[in-house]
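Dock chain H against the given chain A, drawing on the hints supplied.
What follows is each chain in one-letter form.
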Amino acid sequence: MKHVTEEELIAYREGIAEQRAAISEHLAACKECRGELERIEAILAALDTLPVPEPGADYGRQVWREIAPRLAEKAGRWWQVWFEPRRLATAGAVVALIVAAFVAGRFTKRLNPPDNIANKEQVRERILVVAVGEHLGHTERMLVELSNAAPDEPAQKAVNISAEQRRAEDLLQENRLYRQTALQEGDAGLASVLDELERVLLDVAHSPDEVTPAQLEAIQKKIEARGILFKVRVVNKELQQRQEAPTPAPPQNDPTKRERNKV
Amino acid sequence: MNRMQQSVDSTQAIAESDAVAVERTLAGDRDAYRVLVERHSHNIFRLAYRMTGNRHDAEEVVQEAFLRGYQKLGQFAARSNFGTWVYRIAANYAIDRMRQRQKEEARREMPRTQDGDGMENDPLTRVKDEAPTPERLTQSIELRKQMEQALAALTEAERTAFVMRHWEGCGIEEIAAVLKSSSNATKNTVFRAVQKLRHALQPIVETRAQARAMGTES
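Keeping their order, the protein sequence lines are chains A and H. Per the numbering used here, residue 2 is the first one in the first sequence, and the count goes up by one each step. Per the numbering used here, residue 12 is the first one in the second sequence, and the count goes up by one each step.
Because the hints were derived from the structure by calculation, they are not lab data. Be aware that one or more of the hints could be misleading.
What the hints assert, rightly or not - Calculated pairs, BS3-like style, for lysine-lysine (alpha carbon to alpha carbon, straight line, at most 27 Å):
| # | chain 1 | residue 1 | chain 2 | residue 2 |
| --- | --- | --- | --- | --- |
| 1 | H | K114 | H | K156 |
| 2 | A | K32 | A | K3 |
| 3 | H | K114 | A | K232 |
| 4 | H | K156 | A | K32 |
| 5 | H | K191 | H | K207 |
| 6 | A | K222 | A | K238 |
| 7 | A | K232 | A | K222 |
| 8 | H | K156 | H | K83 |
| 9 | H | K207 | A | K223 |
| 10 | H | K207 | H | K114 |
| 11 | A | K3 | H | K207 |
| 12 | A | K238 | A | K223 |
Unchecked claim - Listing some non-contacts, in silico: residues in chain A with all C-beta distances to chain H over 12 Å:
| # | residue |
| --- | --- |
| 13 | E135 |
| 14 | Q181 |
| 15 | R243 |
We treat Cβ as the ideally placed atom computed from N, Cα and C, and that holds for glycine.
Same shape as in the complex, but just chain A:
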């Protein structure tokens, strides 16, 4: 008797087999193939025990709260999205970066043509360093304020953190942009810290406008446990040092220099 192949058994189990009736017939008669199918089913049954977290009954509303400010007034016209005030702020920052990089690139080209490519790289990196430094500064201030927030009176039942929440939403968009840029620039360390920061910002942005003192404490403990403030400070310090570091001198074996020396 010709047995059913592993491929056919998997296709049968997943409901995509073409010869379904023939395989069923064979399985009814063949103990060996039934055993093989049971072994495949045991693996799939084990995988089915992997849990998916329940995002909560309120999740749909949370998603809407998150995306509503980023939607254009009318759907379907892609260019309108870029005229949203919050998008404009981010887009403005990006345009400013590009223009600055372009101008700086042109300038360095005139100054020192052979080092053009290296200089452009340095200028781009410096612009990223300055922009991310500023972003980390804003984020640090928001997290410090949130970490120090407390009820005005001991009997107070709710603390309003809507201001921090809105700032976290804005910072989240910037953070995502800088993380992707850092990745493209190959700065894995910076991308990693920005990734961790994104999780914290996401937590804060998803919090309700008003929280109980216990909820506030839980948020504060989460920030503390991740040690994110410390990491933000360390990275910001490093970025400041990079910013203050002098631009490396052009290489000594510059052929144009040799030409000049000859003359």
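Same frame as chain A, but now just chain H:
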């Protein structure tokens, strides 16, 4: 009315109600989109979590899917089911996110540590076990770790095909559209995924089954 008929009727009612919400959104009623977001967020989250393997990325995928859906709603033109359409957008974005995450992981110098979410979702904290012995706990942790590693070792296409077919019950044509592949190639991708998972997990699953059988006998 039997249960299957009720389910078909309810699906049709949702599709019709979705179509109305899409039309109203396209006519400029932005709040109509809220209905669609609130209705489909849970399904998209489940797909995204299974594809990306973590809550943070899953939430990003959900938001991006609805943002992109809104921007492209003019192209939707009510010719298909909104739920299926936004689901496809989410699957595509999740593939991009998985690729990006793999690059990040490869670049990261330090080994990844278990974060808060991981522990929170640990099956051990969810399963109510009357007598969890340390051995059983260790085995469960080990099994979960191995299953996550086996899933992470699949290619993006294999993981997408497996998640969409096995867990989400999507049709081969739908999965093929996401993978930009033919039906036959997609079937092969599902097969390769299950085969790889089987080879990675069979030893530990069989050991556990044997241990359980011995425990029952004693």
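Hint check:
1. Distance check on the hinted pair: K114(H) and K156(H) sit about 21 Å apart at the alpha-carbon level, within 27 Å; holds.
2. Under the criterion of a C-alpha separation no larger than 27 Å, the hint pairing K32(A) with K3(A) is consistent with the structure, at around 13 Å.
3. With a C-alpha separation of about 22 Å, the suggested pair K114(H) and K232(A) falls inside the 27 Å cut-off, and the hint holds.
4. With a C-alpha separation of about 32 Å, the suggested pairing of K156(H) with K32(A) is violated against the 27 Å cut-off.
5. Annotation: proposed proximity of K191(H) to K207(H) holds, straight-line Cα distance about 22 Å (limit 27 Å).
6. Restraint check for K222(A) and K238(A): the C-alpha separation of about 24 Å stays at or below 27 Å, so the hint holds.
7. Of the supplied pair hints, the one linking K232(A) and K222(A) holds, its CA atoms being roughly 16 Å apart against a limit of 27 Å.
8. Under the criterion of a C-alpha separation no larger than 27 Å, the hint pairing K156(H) with K83(H) is inconsistent with the structure, at around 39 Å.
9. Between K207(H) and K223(A) the CA atoms are separated by roughly 37 Å; this puts the pair beyond 27 Å, and the hint is violated.
10. Distance check on the hinted pair: K207(H) and K114(H) sit about 22 Å apart at the alpha-carbon level, within 27 Å; holds.
11. Note on K3(A) and K207(H): the hinted pairing holds, with a Cα-Cα distance of about 24 Å set against a maximum of 27 Å.
12. With a C-alpha separation of about 23 Å, the suggested pair K238(A) and K223(A) falls inside the 27 Å cut-off, and the hint holds.
13. Under the 12 Å C-beta cut-off, the non-interface status given to E135(A) relative to chain H holds; the minimum distance is some 23 Å.
14. The non-interface label for Q181(A) is inconsistent with chain H: the shortest C-beta to C-beta separation is roughly 8 Å, within 12 Å.
15. Taking the minimum C-beta to C-beta distance to chain H, about 18 Å, the non-interface status of R243(A) holds against the 12 Å cut.
Checked against the numbered hints given earlier, the structure breaks hints 4, 8, 9 and 14 and satisfies all the rest.
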